[in-house]
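Enquirer: Required output: the full structure, derived from the provided sequences and hints.
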Amino acid sequence: EKKGNPTGHMCKIAFKKIALELVSMGINAKLVEIPTDLKIPLSWDIKDKLPENITLDDIKGWIANAQTPIPRKENDFSNLEEDANARRYVHLEDDRKYHYDKWTKKIIHNDNINLWYANDTQTRDLQNRRIATPVKYLHQVGCDVVQGIAYRPIDEEYVWEGKRKYVNSYTPFVPMELSEEQIKNINIDPFLQAVQILSNFEKKVIDFFMDVVAFTIQHPEKNLKFATLLVSSSEGTGKTNLWKCLEAIYGGIDYVVWLRDIDLFHKFRPWMRNRSVVFCNELQLSGTKTQIDNQVNAMKDLIMENTHMIEPKGVNPYQIKNQFTIFMSSNHEALELIKNRKQRRYFVMNCLMTRDEINEKYPTHFDELIKFSEDRVSCAGLYYYFKYQHKISEDFKEYEPLETTAKDNMAKANQSQ
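Residue numbers (our numbering): 1 to 417.
Among these hints, one or two may not hold up.
Claimed, not checked - Under the rule of at most 30 Å between Cα atoms (straight-line distance), these lysine-lysine pairs were calculated in the BS3-like manner: (1) K203 - K397; (2) K244 - K204; (3) K387 - K371; (4) K371 - K204; (5) K244 - K391; (6) K73 - K12; (7) K49 - K16; (8) K105 - K225; (9) K225 - K244; (10) K204 - K361; (11) K397 - K225; (12) K222 - K106; (13) K391 - K203; (14) K244 - K371; (15) K342 - K222; (16) K16 - K60; (17) K300 - K342; (18) K97 - K73; (19) K105 - K16; (20) K225 - K163; (21) K387 - K203; (22) K30 - K73.
Hints were generated in silico from the structure; no laboratory data involved. Keep in mind the model is a prediction, meaning the values are calculated, not measured.
Expert: As structure tokens, this is what we get:
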């Protein structure tokens, strides 16, 4: 029994679960439903004295009419009593119009909750009255109240920051299982070759990039305090294909988000609620000096902070606890994100080869990389490598990016004459 929940409600729900479990085992179990219009106290039990308006023949009739319970459809709205007592909904403290649905991971307007449960005519409130306003019933039974929503890759339903409580919307990623034979034959050469080409074959840069990926796979709960920026003045060098490989090992589109630069800086950023890995192709800052400075500061907040305010359209602003792993690419070597080499928020890689030069030296590279990125087994092998085989360098620090020649050159390009 959950704290604050009436014993009668919980027992009713528990007996239904037992009956459903017996049915799943092939046992012909049936569930007795007591008519709700009799106004029998929730605390009444079959061992107790019969209420004045109930006879033994009534009970025999209920038993005779008992039905085999049917499992509910996933996340439907057919039983308010079960959902309220299961603590399905969470109230966002500063919002009187919305509740968060832990099962669907969505913010739901109160009007919709009231409307969707209208087909449940059986649930009665604690005074044994028919439910007129389902949202109020949620709080009558007991509804958790939180300051906001969190998205933390940990196996916890709630996240605490001091005295502030957040409901955790993260669903753990379950990677594809590999056989011993598949593990033994893991081949990540197409991915490694892409990293080498896009890192200008600089060993320190290659090793650090591999550490970055391994760190975020092995320690997803920790906040990487810098973004990875891949620069290539030539188009078509394979930046997007490299990110596609990473997308697969982070869980696919259910766990990562692809953004344009305008989406990074837009006022409405609902993607921040349930994604923690960000890919941005063709990043470019634009506008007046003030606008560019605002964009630079917005990037800083995304990289460094873990508390954000978001304003989804149609929903009041609310607080989100989330941290972001950011991979960006650009064809602009003078990108104004980096104005001096002392900035510690960016790890910069630079590909100096053109697509024609890559094709001439490695004629099968792009075909092999695309095939690798689209193959589930190959990407599962890449995940396995970063999760269990790659040893992160002892001097790797999640708050200190490698100082690269590419970053130094970018900083110089942004300095005035």
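Enquirer: Tell me the numbers of any earlier hints that the structure contravenes, in ascending order.
Expert: Hint check: nothing fails, all pass.
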